[in-house]
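**Student:** Given chain A, put chain B in place with the hints provided.
Chains as they are written, first to last, in this note's numbering: chain A, 1 to 436; chain B, 437 to 872.
Keep in mind the hints are simulated off the structure, nothing from the lab.
Predicted model, so just to flag it, every value in this text is computed and none were measured.
Careful: at least some of the hints might be erroneous.
Claimed, not checked - Think about it this way: if two alpha-carbon atoms lie no more than 25 Å apart in a straight line, the pair counts; the simulated DSS-like pairs of lysine-lysine are:
1) B:K570 <-> B:K651
2) A:K134 <-> B:K538
3) A:K287 <-> B:K723
4) B:K651 <-> B:K538
As the list claims (entries may be wrong) - Label pairs and their computed distance ranges (CB to CB):
5) A:E191 <-> B:F587: 43 to 49 Å
6) A:K27 <-> B:S562: 38 to 44 Å
7) A:D201 <-> B:D586: 31 to 37 Å
8) B:R492 <-> A:G400: 50 to 56 Å
Here a beta-carbon is modelled for each residue, glycine too, at the ideal position from N, C-alpha and C.
2 protein chains.
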Amino acid sequence: MLADHLYNDLHVQWVEASVPERVSYFKALPLADAQEFFQELSTRNQCEVITNLSHREQMVWLRILDPDDAADLLQEVSEEERERLLSLLDVATRNEVQALLKYREDVAGGLMSPRFARVRPEMTVSEALSYVRKQASGATETVYAVYVLDFHQHLLGVISLRTLFGAEPQQLIRDIMRSNVVAASDNDDQEMLSRLFAEHDLIAIPIVDAENRMKGIVTIDDIVDVVEEEATEDIQKIGGSEALGAPYMQISFARMIQKRAGWLTVLFLGEMLTANAMGHFEGEIAKAVVLALFVPLIISSGGNAGSQASTIIIRAMALQEVRLTDWWRVMRRELAIGIVLGGILGTIGLARILIWEHFFHTYGPHYQLIALTVALSLVGIVLWGTVAGSLLPFILRRVGFDPASASTPFVATLVDVTGLVIYFNVASIILRGTLL
Amino acid sequence: MLADHLYNDLHVQWVEASVPERVSYFKALPLADAQEFFQELSTRNQCEVITNLSHREQMVWLRILDPDDAADLLQEVSEEERERLLSLLDVATRNEVQALLKYREDVAGGLMSPRFARVRPEMTVSEALSYVRKQASGATETVYAVYVLDFHQHLLGVISLRTLFGAEPQQLIRDIMRSNVVAASDNDDQEMLSRLFAEHDLIAIPIVDAENRMKGIVTIDDIVDVVEEEATEDIQKIGGSEALGAPYMQISFARMIQKRAGWLTVLFLGEMLTANAMGHFEGEIAKAVVLALFVPLIISSGGNAGSQASTIIIRAMALQEVRLTDWWRVMRRELAIGIVLGGILGTIGLARILIWEHFFHTYGPHYQLIALTVALSLVGIVLWGTVAGSLLPFILRRVGFDPASASTPFVATLVDVTGLVIYFNVASIILRGTLL
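Same shape as in the complex, but just chain A (with noise of 0.2 Å):
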C-alpha cells in the first residue's frame, strides 16, 4: 500500500495534470508504487495510462491487472486497439478477458471476476486446504469462500474459509458444505445484483449461467462502486440533466453542454405552454393586473411540492421500499399530504395577503376575494404537484422509463402549466361580478 502522504499528493496532482503530464508522472514512479499506484486508478485513467505507453510497457502494465479490470479497460478502448491490447496478455488470461468482454458493462458477468477458490465435493477437508492454499497464491481476489463445483462446473455449494478451517481434516467437503447458495446469473441488472448483497449481507455472490455453471464471483467492492455510481445517475437525472457518465473537472466542455441542453430546451418547449396558457387569460389580466402579480409565488409553490414528492418516490422506488404495485397506496398517503401541506401555504398565503394590505393598501377593495383566490389555488395546485409529482416514478416506470426521469424541473414545468389553469378558473369563479 502506498503511504497515505505520499497517495494523497499523487491524488492531488493527478486530479489537476493532463493526460501527458498524467504519463510523465507515472513514469517516474518508483517501480513498486507504480504497479499500485496503477492498480488503485480508474479505469479511465488506467486507459490514459495505456494508451500513452510503449508496446513493451503496455504488455507489462496490461498484464499485473486482473482479468476482470483489464477488460473493464479494454471496453474503453477502440475496437483495433482492443484486438492489438488483447494480443499481449497470455493465453489463459486473454480467454478470460475475451470471456468477459461479452458482457455488457452494467450486467453481474460484466463485474465478476473468473478468479475464485474451488473445491470439489468429494475432497477431504485436508486435501481441500491444501489445494486452496495453491490457488490462493495464483489467483489475486482475496479468497472470501470457497466453491464446491464438480466436474462440469456446476455450482454445487458453498464453504467459508473459516469452517474449512475449523473442520476436521478428514471430513469430506460434501459433508460439511452449504448447498443452499445465494448465487445470481451472470445476465442479472447490476442494480438487481446490489439489493442482493444488501438482503443477504454478503461479501461474494457466485455468478452463474443459465445451466447453473459457474462463471465468477462479484464481490461487495464491486459492489460500492456500483451503489454510488447508480445514485450519481439519479442525481443528474433528477436535477434535470442527463446522467453525466465521468467526473465533472474531467467531461469536456461540448460533452458538458450537450448532456444539460437537451432536457433544458425539451422543457423550455414544454414551458411554452405557460405562455399559451397566460395568453388564453391576458383578457383577465388586463381586467386586473393584481392577479398577475401573485403568478410566480402560485405556480413555484406547485413546482416545489411536485419536487419534494417526486425525489422521494424515485429514491423510494430505487430503494425498493415501494413498488409499482403500491402506487395506490402511495397515492393516497400523498393525497392527504398534499391537502395538509396546501392547507398550511394557503392559510400562509391568505395570511400575508391580509396584514400586506392592512399596511400598504395596495391590493384595492376587493382584497379580501383575491386573498381569498390565492389561498384557494394554493390548497388545489400544492395537492396537484404533491399528487402528479409522487405518481409520475410510477407512470415512467409502467412504460418502460427510469423513474429518475421524473426530475425536479419536470414536475415543476408539469405544474406550472396546469397550475396557471387552475388559478385562472379559481379566480374567475371567486372573482367574477367583482374584478372580472
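**Tutor:** Leaving out everything else, chain B in the frame of chain A:
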C-alpha cells in the same frame, strides 16, 4: 442462508405487516430460519421484534447478534430499556457493546466490529495460523486480514490470509507483515471512511484510537449501507425536503408532514418576494400586459438551469471530484456553460415569438422588440441561474452547511426573484418609448 423464495415470501409479507403481525410471523419461524432471518433484518426491524418478546426470548436473540449489531439495536431503544437489555448479555460482550455505544453512529467507531483476527509480531507463521484458526471459530465476522499488534494493542502491521497461507511455516510474522497500513481513526466521519475504501480498494480497514491502539475493523459491507444512506439523504435534500431517515412506507404521516412542510414554508416565504417584485413592476404590466405572459417561461428557465448546475455540483462535491478550493475553476466553466445554454434557449424563444406572430398576430405592432426582450432576458437569466446554482453549494459548504441543501426548489426560488428583476429591467430598456 434461507432459500431465496422463502426469503422473498417472508420479505414481502414482512414489509406489508404491522408490528404485532411481524412479531407473530417471527415466532412462527422454525428456529434455524428464525436465527438467520433475525440477523438479516434491519436494526429498526430487529428492534420492533425484540421489544415485543419475553425477557427470556430477548436474552436468546440479543446474544446471537454480533457486538456491533447489538450496539446498533441498543441505540434505537430508550435509556432504561438499554440498561435492561445490556444486563442480558454476557460480561465480555457487554463490555464490547458498551465501548461501541460511546461512539456516534456516523463515525468509524460507531461502525466498527471489535472482533478481528490478531497475531503478535514474534510468532512464526505456523503459530499464527493455529492462533487465527482458534479466533476464527469464535469471532463471527469473516476473517479478511490478520492484524499484527504489540502487547499494548498498538497496530504494527497487517498480513492477508493468503500471504499467511503461502508463507513458510518457520518465517516470523514481523518479517512478512506489511507495516504500511491504511488505518482510520475511531472518530473519523463515515463519509471520509467510505472515500478511504474507494481510494484504496480495500475490504476492511483497521480502526485505531489517538494512540494507534487498534479498536476494531470496519468492513466494506457496512460501507455499502453508508454510501446508500448518504445518497438517500442527498437526494431527499436536493428534492427540497429534510432527509426522511426512514423508509417511505414506515415513516408516520405526522413525521412525513413535518419533514416536508418546513422547507416548503421557507421556500414559500422566499417566493413571496416575487409578489413584491411583480408589484414593483405593476405599472409596466398594466401598460404592457403582454409582458406578463412570458413571466412563467422566463423565470422557470432560470430555475431549470440552476437546478441542473446545483445538483451536478452537489454530487461532484459528495464524490470529492470537486473541492472547495476549485470554486473559481468551476465558476469560469459554468459561466461559459451558462452563456451557451442561455444562447440556445434565447434563440428558441426568439424564434417562437416571431413564428407565433407570423401565424396568429397576437403580440401587437412591437412584437420584434418583445421577442428581443424575451431572448435577451433568457440569456441573462439562464446565465444567472447556472452561476447561482453552481456557486450556492460552495457557499453552503464554506459556511458549514450541507451543500445538498442547495436543493432544486431553493435554487429555483432564488432565481425566480432575481429573474423577474432582470426581465423587467431588460424590458424597460428595450421597450422604453414604445410599449412602456
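**Student:** Of the numbered hints stated earlier in the document, which are not met by this structure?
**Tutor:** 2
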